[in-house]
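**Student:** One-letter residues, chain by chain:
Number of protein chains: 4
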Amino acid sequence: MKIPAAAPLTLRREGQETSLVRVGDVVFGGPTVVLIGGPCAVEDRQQILDTARYVAEAGGRMLRGGAWKPRTSPYSFQGLGEEGLPLLVAAREVTGLPVVTEVLDPRDVELVAGTADMLQIGSRNIQNFPLLKEAGASGTPVLLKRGMMTTVDEWLLSAEHVLNAGGRDVVLCERGIRTFDPALRNTLDVGGVALLKTLTHLPVIVDPSHAAGDRRLVCALARAAVAAGADGLLVETHPDPSSARSDGQQSLDPDEFRELAVSCRAVARALGRDL
Amino acid sequence: MKIPAAAPLTLRREGQETSLVRVGDVVFGGPTVVLIGGPCAVEDRQQILDTARYVAEAGGRMLRGGAWKPRTSPYSFQGLGEEGLPLLVAAREVTGLPVVTEVLDPRDVELVAGTADMLQIGSRNIQNFPLLKEAGASGTPVLLKRGMMTTVDEWLLSAEHVLNAGGRDVVLCERGIRTFDPALRNTLDVGGVALLKTLTHLPVIVDPSHAAGDRRLVCALARAAVAAGADGLLVETHPDPSSARSDGQQSLDPDEFRELAVSCRAVARALGRDL
Amino acid sequence: MKIPAAAPLTLRREGQETSLVRVGDVVFGGPTVVLIGGPCAVEDRQQILDTARYVAEAGGRMLRGGAWKPRTSPYSFQGLGEEGLPLLVAAREVTGLPVVTEVLDPRDVELVAGTADMLQIGSRNIQNFPLLKEAGASGTPVLLKRGMMTTVDEWLLSAEHVLNAGGRDVVLCERGIRTFDPALRNTLDVGGVALLKTLTHLPVIVDPSHAAGDRRLVCALARAAVAAGADGLLVETHPDPSSARSDGQQSLDPDEFRELAVSCRAVARALGRDL
Amino acid sequence: MKIPAAAPLTLRREGQETSLVRVGDVVFGGPTVVLIGGPCAVEDRQQILDTARYVAEAGGRMLRGGAWKPRTSPYSFQGLGEEGLPLLVAAREVTGLPVVTEVLDPRDVELVAGTADMLQIGSRNIQNFPLLKEAGASGTPVLLKRGMMTTVDEWLLSAEHVLNAGGRDVVLCERGIRTFDPALRNTLDVGGVALLKTLTHLPVIVDPSHAAGDRRLVCALARAAVAAGADGLLVETHPDPSSARSDGQQSLDPDEFRELAVSCRAVARALGRDL
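Protein chains in written order, with my numbering: chain A, 0 to 274; chain B, 0 to 274; chain C, 0 to 274; chain D, 0 to 274.
Pulled out of the complex, with its shape left as it was, chain A reads as follows (with noise of 0.2 angstroms):
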């Protein structure tokens, strides 16, 4: 493996203890693999309170959803953007999940970080060094995915961006890397999974929806995930993912999600972890 570059705040120590990310009464890092479910965008109350209880009674620690769309096409439904904040704190106090959601301009950190209780920052943003200074001047809990083309060595960078900016909480997300091959919308990177877990402190999640762009592989990807030692997951899930309005081709309908909570609950005991 190559040498990391210089990151001191990142990088883990010899000997070093992975951190302990708490969010709300979750903690990521720990002996639990943290589960967060929740759909694609926010689209109203029904949907995300719906979507709230299942993830709940299936085992999820969390709730996703976004508020803000980041979309290749400008045409492209781009989320319910300040509306969609409410309605997220509607479905954390009907359930008692700590919500994640996406915050995509520097101008709207500190609104998002008095509402949610952790923030997204995008694959798309990872280089995005405003955003990431203004994050992790929030002193909210980040959680910074990977970006599509982003090598290890510069997301450990962009998480001293973070860190340096007087984050202190800060954990990864792989979500799948661009390469060659056309045949799945992403390649989950699980070598980069198990690489991370060596070389950071920080604890290290995996999405695995957007990594398989189709649900019928999710389940298979978040069980490698699991298996490679990370230690969350998070995935997209609908109440009904035909009528989603972005991203239902990946989203997993409430069995579905059920299905994948047990499957990656008996690894994670296999392995002396829970889920």
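Because identical chains cannot be distinguished in the list, a pair is counted as satisfied if it fits within a single copy or across any two copies.
Below 20 angstroms or equal to it, Euclidean Cα-Cα: the simulated EDC-like pairs (lysine to aspartate or glutamate) are:
#1 Lys196 / Asp213
#2 Lys132 / Glu153
#3 Lys132 / Asp107
#4 Lys196 / Glu255
#5 Lys196 / Glu16
#6 Lys196 / Glu258
#7 Lys196 / Glu153
#8 Lys196 / Asp273
#9 Lys132 / Asp116
These are calculated hints, taken from the structure and not from any lab test.
Remember, predicted model here, so these are calculated numbers, not experimental data.
Starting from the structure of chain A, add chains B, C and D where the hints point.
**Tutor:** Quick look at chains B, C and D alone, frame taken from chain A:
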């Protein structure tokens, strides 16, 4: 070739000419290949004035220079920031060259648009949609660099974001993509340039410096770009590359810059253009 | 997922079960995950006999070992060649483990098929069509490793070449693909494994050693492979990796190999299989 | 740029000139850019004779044409095989153009070397070491195409295999590499061409046809190759591309081939060479 996505403002309609993008008295998309030269980063007054002078003498038509630098590591030189802008203005006053400089943060767009003649959106921000929108809304011409791992299709859609936000003048800049081969810093995609000349009405220029990553290869790549049909060149040059605070290894010294201009002019003329 | 190309002998028909590929009394594609262990190259009698013994004791079901080694440089160790074959036979006689070994040259297929129990076609030969045809025509089971740069679609078509030439027993082996990230030797494509389990009736196994390129990560990748549904594992191991003539840095020592078997067996059992 | 691997027969020594590779009276590596034209596959006598005539008239110096075609699918047209060779000989007799044709199987090297003037090793066989050795041992000049995902370093080592086996005359041929962008068939690596001109004493030519995969872009890529310093061009052309049995979409018709020659000659002359 693959059918491009729906980008009605960006795609070339049947029979449509290349749009002319004017920046001061410089015209992109016409018979003249526009040579832009300058340092990676604005370092001090003397450096940028000296550079502007020899760039102009060699046939350069615009000056580049970064005030804010997006750096992979938070511990690298981050540019002079806002203090760099008046130095660019001074260089413009002395030489008459319009200036292009990168903007990283949507909160800086108004300031930079009020100073520079053209806004550069860098590779790392190719899908920073809030920034694209602010840049488009500013009405200032935009130089949109391709991301290191952005498909031609995604790139066109990012241009569409700028145009859809009110921008009228966008120039695309190929700067090398990321591939499996570590032999060079990036892989210059001249095929992408030739393809874009058929797909879009926007002018397309090339940055051979970031593609090569090594000054010994910059001139060959610049010639290849002109031969493939590029409407301009964005070249890093520094009065003393060995002392440059960033990208010195790929910056041409004044003599090398002059040689590049002579060599690329010969190719341009062989193809019925000029430089 | 992309619709695969026409490969009627390889693609899984609606409702078709995974084909069982028998090599001696070993069965690929059934409930047992087949563990194959052995050195990169057969070096001498003692080395291969020692390895075969501890592989068998740990639960390995087959022995791997290269007689001819395809090496990027003509100046690297090229393997013992034909002299390596009787050493593999000796190891089989002592332990009862069937042996798989790589064949590089269509002129050697008859010889190797007369000695080994299974022919390995290596990554570099995934589109060496004369070799694929000879291997198919031999009637000996074929282990077909994915090329570093081969799409799932192309890989299926290479299997189709073997089957179309008369082969009946093909096992596919994912071994990591080449991507932009130099952090590890290759990127293990567990998504490709999960996808193949839906696309083809052929058994699919994984080589975590070449994917990782570093022994510290091999076990995590092996577990991920089993969790993703792999039907077997092909693992490099050597009695003394530090003295190995090739691939020592990714070869497990005997203790590490035993730990891998224990760890992967736990995952297999959690999913209703065994190893 | 990365330091290349040990390849003493291939790397350029300090001050060493480009080696001249002679094929009949054609010279690679001198002031003249060598234009090679011909169909993907030899289809019949009329086709290859017609092609050879207009290739020669346009300024082409050699004829290409495949007898054995390596095809991803076993159900595609595989070429005429041995029957194609006398048709190439006939075309050489009529026009005086030396011929280059691909050899796939080490068992065919002797036959092909006795007929053709130059052996082509195709992309899929860049690490088919038995084939490289036979080709080298034959003493016939070798055209060594880069693999779709071969690094410059690996490519040089494959050339070293040929030279180490007794070959003296190797010409390298860049033909586009595989990247993440599906917009074009491959990505022409002009930077690799420029780099190789500094690293090796062997002549380097370019196949713009496979890089583009679309006839509308072939001429632009050919010009870029010449501008980057290529010593020759290998171009697919067919009397009637719409009826070609393979690669028709990227084959130039006779008029397009003539235009390519004129356009590339202009670029070559602007740089002090000819074509």
